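Sequences listed follow chains D and P, in order. Following this note's numbering, the numbering of the first sequence begins with 61 at its first residue and continues without gaps. Following this note's numbering, the numbering of the second sequence begins with 21 at its first residue and continues without gaps.
Honestly, the hints are just simulated from the structure, not real lab data. In this text, all values refer to a predicted model and were calculated from it rather than measured experimentally. Don't take every hint at face value.
As the list claims (entries may be wrong) - Partial list, derived from the structure: chain P residues whose beta carbon lies under 10 Å from chain D:
(1) Asp23
(2) Tyr26
(3) Ser30
(4) Gly49
(5) Lys117
Quick reminder that beta carbons are idealized off the backbone N, C-alpha and C, glycines included.
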Amino acid sequence: MSDDLKGLSRRDLMRGSALIAAGVATIASPEAAAASAAPNSVPSLRTVRVEVNGVDHALQLEPRVTLLDMLRERLQLTGAKKGCNRGECGACTVLLDGRRVNACLVLGVAVDGRKITTVEGLADGLHLHPVQQAFIDHDAFQCGFCTSGQIMSAVACIAEGHTHSNAEIRGWMSGNICRCSAYPQIAAAVEAAARERA
Amino acid sequence: MRDFDYSFASSKGDAIAQARHADTMILAGGTELLNWLRIGIAEPGTLVDITRVAGMTGIEPLPDGGVRIGALTKLNDVAEHPQIRDSYPVLSVAILKAASAQIRNLATIGGNPLQRVRCPYFRAEEPTPCNKRVAGSGCAALNGFNEKHAIFGWTNDCVAVHPADPPVALAALDAIYVIEDARGSRRVPARSFHVLPSQDPTAHSVLRHGELITAIEIAAPAPKSAYLKIRERESYEFATVSAAVTLDLDGDIIRSARIALGSVAMRPWRLDETEKRLVGQRLGSPAIQSAVDAGFTDARPLSANAYKIKLARNAALRAIELAARAS
Numbered sequence: 061m062s063d064d065l066k067g068l069s070r071r072d073l074m075r076g077s078a079l080i081a082a083g084v085a086t087i088a089s090p091e092a093a094a095a096s097a098a099p100n101s102v103p104s105l106r107t108v109r110v111e112v113n114g115v116d117h118a119l120q121l122e123p124r125v126t127l128l129d130m131l132r133e134r135l136q137l138t139g140a141k142k143g144c145n146r147g148e149c150g151a152c153t154v155l156l157d158g159r160r161v162n163a164c165l166v167l168g169v170a171v172d173g174r175k176i177t178t179v180e181g182l183a184d185g186l187h188l189h190p191v192q193q194a195f196i197d198h199d200a201f202q203c204g205f206c207t208s209g210q211i212m213s214a215v216a217c218i219a220e221g222h223t224h225s226n227a228e229i230r231g232w233m234s235g236n237i238c239r240c241s242a243y244p245q246i247a248a249a250v251e252a253a254a255r256e257r258a
Numbered sequence: 021m022r023d024f025d026y027s028f029a030s031s032k033g034d035a036i037a038q039a040r041h042a043d044t045m046i047l048a049g050g051t052e053l054l055n056w057l058r059i060g061i062a063e064p065g066t067l068v069d070i071t072r073v074a075g076m077t078g079i080e081p082l083p084d085g086g087v088r089i090g091a092l093t094k095l096n097d098v099a100e101h102p103q104i105r106d107s108y109p110v111l112s113v114a115i116l117k118a119a120s121a122q123i124r125n126l127a128t129i130g131g132n133p134l135q136r137v138r139c140p141y142f143r144a145e146e147p148t149p150c151n152k153r154v155a156g157s158g159c160a161a162l163n164g165f166n167e168k169h170a171i172f173g174w175t176n177d178c179v180a181v182h183p184a185d186p187p188v189a190l191a192a193l194d195a196i197y198v199i200e201d202a203r204g205s206r207r208v209p210a211r212s213f214h215v216l217p218s219q220d221p222t223a224h225s226v227l228r229h230g231e232l233i234t235a236i237e238i239a240a241p242a243p244k245s246a247y248l249k250i251r252e253r254e255s256y257e258f259a260t261v262s263a264a265v266t267l268d269l270d271g272d273i274i275r276s277a278r279i280a281l282g283s284v285a286m287r288p289w290r291l292d293e294t295e296k297r298l299v300g301q302r303l304g305s306p307a308i309q310s311a312v313d314a315g316f317t318d319a320r321p322l323s324a325n326a327y328k329i330k331l332a333r334n335a336a337l338r339a340i341e342l343a344a345r346a347s
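So here's chain D without its partners, still in its complex pose:
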C-alpha cells in the first residue's frame, strides 16, 4: 500500500471512487436523464432538519429524494442498503421515531424534525448492540447484504414484543428477504437476543 493510502479505510476508498464515478457518469443515470427531460426540472429545494443516530443535521433536499438516498448519498451512512428500492426486500430498514420502516418508501423532506436510527447508530463505541452480537453468535448471515436491514428489523421486532415463538418471529421478520436463506439462523439470533433482553 502506498503512503498516501495509509489511514484510509476500504470504505473511504470506495466512497471516493464512487463519487468520482458519479461525477463522470451523471448523464448515464436514468434519474438524472428523467430530471432533465421533465418540464419542471428546476429543483425546489427544501430545508430538512433531522436527527440521525443522535446527531443533528440540516440538509437542502429536492422533495423527490428518498430517506434512503438522503442517508446513503448525503450523509454517507451506507449501512441501509438499496436492494429493490420499492419496499419489497427490507434491506433499507431503519427506525423512524423508534419504529421500523423501509427508508426507500419515505421522502427525505417528510422526516423533517424527526429521529432516525440506522445500523451505524446501534453499537456503543466498540461494544456491539446485543442484536448485532446475536447475529454473529448464530452465524445469521452469509453474504451480508441484507444483514443491516435484518438487524434493524430485529431490534424493532424485539422492542414490539413479537418474539413469543419462532413462528411469530418468522412472521414479523418476513419483510426482510435473505437471498442466501439464512432464515433459521436469523430467527434463532432474534430469539436469543429477545431472551437476553427479557
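The hints should help you fit chain P onto chain D, whose structure is shown.
Leaving out everything else, chain P in the frame of chain D:
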C-alpha cells in the same frame, strides 16, 4: 422521477383545499405513491403531505357500539388496538396478514383501499396494453399471464383483481368510508367503493380527484369473524384468494352470515346468494356447502386461473368454520 413541489397540510381543511388543484396528489403513508412516481403511474406536480394533520388518527367508539377509525391510523396500530382485536378479529387478522411489519408502520387504513392493481401489465416499466394505465390501450392480461387474475366480474377490458386485504374484511363488516371534499362529505359502503370494469375499466375506486377518505366507520362488533388468506408464501405475499366471514349464531344455527372474497374480482366480492341461503342452516351440515356453491354460479375462469374457483370456494368454507370457532 419528475421533480415535484411538496408541502405539509396544516389541517384537514387545508388538505382538502389543496387536493382540489389539478396536478396535486395527497401523500399519506407513501408506500404506494412513491412506487407510482418511480414507475410513472402518477406524475403529480405537487404532493401534499397529510401525515401531520391533527384529528385524523386514532380509534374511537361510536354511540351505537361501533367504531370510527381515523384514516391516518397506521395499519399496525389498527390491527393491534384491543377493541379491533376483540370485536373485529376479521379486520385485525386481515391487516396483520397484509404487507410487512415495516410497511404496516407507514401505511394508513385510509390509504390502503387506494392501492392500485398488482397486474404486472399495469405495473410494467415499458408501455404495455392496459386500460387502467392508458385508457383504450387494451388488456394484455386477458390472453396473457392471468393465473392470479379475476374469476368474478371481469370484462374483456380488464381482468385484474384488487389486491388489498383490509378492504375485504371491511366489506364483510359493511364498513363505511367517510369521504370529504370542498363541497361536503359522503358515505360510501366498503362493498361498493371499488369499481368493476363493467362500470369503468379505467377506474380503481369511486374516489374523485379532490376527495379524501377521512375516516372508516364500522357498526356492531363481529366477534365471530375470521379472515383466511391463501398465498404462495406464508407471510409477506399478496393473496391468491382470501375469504372474510362474519357470523351471527344461535348455538350452531346461523342467524346471519356475511362473506367477502378477496383477490377474485376488482372489488371485495360479497357472496350475496350464499349469505341468503346460509340463514337458518346448521354449522357442519351439507347445506353449508350447497349454499357456498350457490355463490359461485357466476364465477368464470380466464385462460389460466380455473383453479382459483375451487380454491376460493374451499377458502369460503374453511373461513366459515374459522369464524364459528372464534371466541
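The hints, checked one at a time:
| no. | hint | in the structure |
| --- | --- | --- |
| 1 | Asp23 | holds, 6 Å |
| 2 | Tyr26 | holds, 4 Å |
| 3 | Ser30 | violated, 14 Å |
| 4 | Gly49 | holds, 8 Å |
| 5 | Lys117 | holds, 9 Å |
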